[in-house]
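Sequence order for the protein chains is X and V. Following numbering that gives the first Met the number 0, the numbering of the first sequence begins with 0 at its first residue and continues without gaps. Following numbering that gives the first Met the number 0, the numbering of the second sequence begins with 0 at its first residue and continues without gaps.
No lab work stands behind these hints, which were simulated from the structure alone. You may find that some hints are simply not true.
[As the list claims (entries may be wrong)] In silico negatives: residues of chain V with every beta carbon more than 10 Å from chain X: (1) L47; (2) A51; (3) R218.
[Claimed, not checked] In the DSS-like style, the derived pairs of lysine-lysine whose C-alpha atoms are separated by at most 30 Å in a straight line are: (4) K450/X to K325/X; (5) K103/X to K9/V; (6) K153/V to K301/X; (7) K153/V to K549/X; (8) K287/X to K54/V.
Note that the structure is predicted; figures quoted are calculated from it, not measured. Glycine included, each C-beta is placed from N, C-alpha and C at the ideal position.
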Amino acid sequence: MNKPLEASATQLIENYVAAQENKQLLRFITCGSVDDGKSTLIGRLLYDSKLIFEDQLASLESDSKRFGTVGEDIDLALLVDGLEAEREQGITIDVAYRFFASDKRRFIVADTPGHEQYTRNMATGASTADLAVLLVDARKGILTQTRRHAFIASLLGVRHLVLALNKFDLVDYDRKIFEEIKQEFAALAASHDFESAQVVPVSARFGDNVTQRSNNMDWYDGPTLLQHLETVEIKLSDESHENFRFPVQWVNRPDLDFRGFSGTVSGGRIAPGDEIVVAKSGQTSRVKRLTTMDGDLVEASKGDAITIVLEDEIDISRGDLLASVKSRPEVSDQLAAHLIWMSETPLYAGRTYLLKCGTQTVSATVTEIKHRVDVNSAQHLAGKSVGLNEIAFCNLSLSQEIAFDPYEVNRHTGSFILIDRLSNATVAAGLVWFGLRRANNIHRQQLTVSKQERASQKGQKPCVLWFTGLSGSGKSTIANALDKELLRLGAHATLLDGDNLRHGLNKDLGFNEADRIENIRRVGELSKLMVDTGLITLVSFISPFASERKLARERVEEGEFIEIYVNTSLDICAKRDPKGLYAKAKAGEIENFTGISSPYEVPETPELTLDTEQQSIEENVAQIIAYLREHQFIW
Amino acid sequence: MGIAQSSHLKHLESESIHIIREVVAEFSNPVMLYSIGKDSAVMLHLALKAFAPSKLPFPVLHVDTTWKFKEMIAFRDYMAKKHNLDLIVHTNQEGKAQNINPFEHGSSTYTHVMKTEALKQALDLGGYDAAFGGARRDEEKSRAKERVFSFRTKTHGWDPKNQRPELWQLYNARVAPGESIRAFPLSNWTELDIWQYILAEKIEVPSLYLAQRRKVVERSGTLLMVDDNRLPLLPGEVPQEKMVRFRTLGCYPLTGAVESSATTLEEVVGEMLVARSSERQGRLIDHDSAASMEKKKREGYF
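Extracted from the complex, chain V is given alone in its bound form (with noise of 0.2 Å):
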């Protein structure tokens, strides 16, 4: 593969390994989301470069929503065995008992019991007082006005009105007890980056990102893959095979694929470059209501 990594690319590498070290440094017991998909591999990465030889010196959340894909968590065993890693699995186990599902409950409550609450119980069961995201700051309007390291209340509350300033790159990290922050390293990339940074790096992601024939439905205009027998059939629908693949990682029945051919990676980036549609899309916990993202935010979500 003759693709190199362009000064760009080493430009924001060494921002965010600066970010990365910066948080390490200033507190005293941080965390990494890990959600498996590309921005968490392209992050996992950078953090193994910022300390090595050093063993990477926090360990790796995952908040399990017990509807991720299947092969996510495989993938997700497999990278933690593979680096090492200490690897913490999180579910909410109330909203697990009421069985709290995306079909019955709607994706907005399945999301802020199973996603956002879970989250925070996470986070204050571990008492961490930072907790690294892979949020991009090119995914989503009031992604762009997030600070790279976002301040939180003790109720993990997020004030977009009043963000510390950042400047140059000195990142305010005091914090009293019980607060903490979101620190995004990501914040400068942009989707068409992390591809390449992938590529160039050679940085293994689930194959769901690879296009294959799978089982899947379409509901309104979604393409839904039936990844488990837990997924309901509405009167007509017929799963069939198609070559699909996945341009976001999440809870497959929140998850759309696209009828793509592509089965490399070069190929996905290829038909990136011709993209003509962005994202979040494939994302349904987007669409439900305007400005849904920042209120999930306000609320605690990532």
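In isolation and in its complexed conformation, chain X is listed as follows (with noise of 0.2 Å):
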């Protein structure tokens, strides 16, 4: 082998690698709107850092015979437009990731369209940037999407702002331009809370002040744009005063002698000895070992993927948030928050997604719209519903308790994301603005006497028994003969029925959308408290549609819930139609009948479907009573 070449190879990296050590990390966006010369900008930063390899540049003469806009000039734009559409159009529309460095830092850039229908890619390049480029086109100054990009920036916890005057070729260079631009976007700046927020006059297509200082405009006597990214100070978060987070990912177990848990400092530091908290539970326990393939630590902090082995065997899994003692997060199942809207279905108060927060899902309904936010004026509207690319303030309940920061403490503990049950779409991004007070002071009180002592009291285990199925398809009934037939065999059960308690507990709810959901919630609530009572709840209920079952379902504990889905067809309902519904909804005198003019999803997996049409009420009963002696719930 030849040694002193490799020497001399090895002092090369070692330089290399020392260079890099002392460069800062600068994530930032760019946004603006269609034509303002946004990837021609960045084209012109790849470019100009010589990040342009030959070959790239060869196809990029090629490319820019087929698609190029600049006539016989090399377009830099076609560098970063990938996507075969986005060419044809000749428009940006998605977000794509570059890195470049210079001598002084490296960045990250998160390119992002800025035409109105794209705001959710913005949204998502914002929420790992430092700095927002704006572009504006010059001939045009400030427009209504500029400051749609500053509240969005400002929102996402943006520090800080840049706008980059382009086009400044196609203004003769004009000072006076610049300086009318440069008040009226101090204003719009101002309005948010950014700590810096600088304008930088440049033509990307020519280069002027974008890494080279322009000839052309000699009166400005500011940064180029590359200067201002590299000087631009970035206060990192000072770790020692942050609060420790960490979100379990998972639970590492090769083997009885080894419990670790794997994820993710999201804030401050941790040390072997420190004292911990499980957010949730309570539970605490101090740190053992910080392990890794290589050895252990001595200590983490915020963005390293650790292993941690805690003093006491503790119950935790996935979704727990481990957290400081001295500086708890909050926990509460009532959330106020900032929702990013980026699904063509709008939302609507009473909807049910699912929420990921951290490691945590669960299910969460968005309670209240309390307002949408006009994203180019900043100013509240009313409203019921939030269409894609809108942002509205909203209250969300949830399934059960997370452990969560408001996002302007933490923007990694402060964020989640709603997730369509269905389709599985990511529908929204939210931002924690606070937990509701409700939950927030009303710790839960444990009580003495368990579930389990109460249920073996009367020898049985507790249960829901969840009759769903259309108007008049027999659920009432058969329900009545089983509370009769249970109290005959000596076990102790009552019946919940959606008709009566909406002349008492639900008295107050009508028949729309917000109100259903509140109605079952209760139910749901109702039925909990019998089961911890002991009893096995039967509950005779339409509950037409699947998401609405599903959130009962989740209220009590696994294997608790018994959905019986009472199979009679509609043709049958309308004919039996014992209260006479049918005639007056298809009459047009009831909205929202089920069946008629409102659908009935039917259980795919119910644990129980019962035919009414071919057995009697008392096969029906016995075929219940099979199914909870089988399952042990009475024996």
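Taking the hints as your guide, dock the two standalone chains into a single complex.
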């Protein structure tokens, strides 16, 4: 082997690594309207920082001839516009991430499209950015979308703003235009809470003031765009003052001798000996070891992926948040948050989604749309629904408590996404404002007598028997017969009837979507209380929507919810029509009547299906009793 | 060797480990695509780190086109043994029976049958709901817009216009039965990061990355290695020995070598630091048609 050569290669790498080590990372986004020249600007930064290789340049030349929009010149935008659809339309349709470095810093650029329908992409890019470059055509000045971009950047916690006044070559490098827009921009920036706001006049196409100082604008004495990106002071969050946060991702248990909790530190720092608390359960322990494949660590801080071993064997699983004992996160099942709506299907209060916050996933219902936010003026607007790319301030009610911090305190523990339960699409990004006080200050009282003790006294295992089916399908009749049979067998049961509850507990509720969901929430909570009392709880409730039945199911423990589908066809129900409701509904006298003017979603996997057309009530009851015996609810 | 891990590499390492753990925690049946190259080597190393002291909690899948460099196959088997990997090797038997090869059928058809189709078969066979891939965003333009969790339909299709937004470090891992995701833990790494990390962590890679005297022929500006006697020589072509190395590894008839004197990894990185040619140039499949990578990915290519 060629020893001297190797030594010099090592030297070269060491010098390189040493140079890189001192470079701070700046993550920024670029946003602008169609045709503001954003892709050209990034292409220019890559080109001037010599990150374009010769073969890329060759393919750029051939692409320029085919797709180019600048005549005979090389079209720098083609360096960054990756997808075929974009090239054909000449616009950027998605977020792209670019990497480049100067002598002073490393950069990750999220190139995000500016036109209105892609606000969600801008929010995506801004969620991890320290700085935002807003691109404006000098001929047009600050537009409505510039205001929108500033607002979204501010909302997502971006601290620094730069206005790149592009195409200055097309306004003859006129100083007056610069001064006018600068004033307007200062006012805009001041209306938000940014740490810095800078204006740079540039021509991305010709390179003026991008990386090279322009000879055409002697009157401008500020930094070039790159100089500003290299020198703007990025305050690193002071880790020593930040609170330790660690969402548990995965329990690492190769054998009985090792039990570690793997995850990424999302705030503060941690060392062996430190006391930690499991946020939701309140159990505490001390850190015994911080393990990695390469040996134990003496300390870990924000961003590190580690495995924690604790002194004590306490119950911890994925979704738990470990935190410093002295400054605990909030724990609540009620949140107030900003939602950035990303789905074409609008949001209405009452809808239920999956909410993922860190490693916690729970179901969440948007209980109230407090107001929508006009992204162009930051004004509050009233509204009952929230459409694609709109932002709203909402209250959410969760199926279980979660641990979190407000977004402005910690971007990681204060952010969440909402997922549609059927399409699995990500429909919203959420920023926690605060936990609602109801749950915050009412701490759970530990009861002395447990559910198990109450149940064993009664000689049974409690459960919910949830009868669902069309109006007139026979739910109440069968439930009543079953109730009687259980009494005869010496079991302790109770019967909740949807219609009866509407005369008492739920008499303040109507039949619109929000009220119907509140109705089912109350019935779910009530049946949970009954189960806690040790009772076999019969619920007779049309409950036409799968999502609503799921909501009720999630109120009780796994295995305690028995969904019974009373399967009677619409024809038979309408023929029976015991309450004369089908006749009225068909005459248009009742709105939203299940089966007629509102759908009934047949349960996909009920625990039991009862056939009322071929079988008698006695046979239906016997079928349920057999199920209860088989699964040892009664014996 | 005095090359320590920089804070930048540590950041990348942590981010990748987070992604790998998230996939394992959220999916029921993940698999890691292992292509034997340097990116796969780094990805495997990160996965071992993510779960230590536990064993890798998923199998490793290699799609064998039967045209890989011999040394790659030997290296693959060596790594599987060394790390006690659950290695699955899949070849499109239909394609093999029809003797689909890059010479008679062209690189486009060959890649489609022996790589894309083979991969889909292997994924269907295993019923995997998540597959790790070692792609990086700096490789190519359409990659720059790919998500970390890239959603695929039941037929493995990718719709670039309908990607799930990824904010913060929150990945939506929900899929319906039959659907899957491709997960890219190395999304934010660059080629140079990969090499630096290999040096810092002393990760083993096939010696094809190092310059050696190898038998090659020059064909339309590209140096092809004569790895076995299946490479048909064109009139006038005479294999000659040259000091060459490879910047990427794939099927030998589709992977161009570069002339180099770098016989150690340090020297390879040294050459990289003054390089004037980007990595994918050695890959012939990208040159076939404009936006070829995007087209392949929509069809299910990694």
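Checked hints:
| no. | hint | verdict |
| --- | --- | --- |
| 1 | L47 | 6 Å, violated |
| 2 | A51 | 4 Å, violated |
| 3 | R218 | 17 Å, holds |
| 4 | K450/X to K325/X | 33 Å, violated |
| 5 | K103/X to K9/V | 19 Å, holds |
| 6 | K153/V to K301/X | 38 Å, violated |
| 7 | K153/V to K549/X | 26 Å, holds |
| 8 | K287/X to K54/V | 22 Å, holds |
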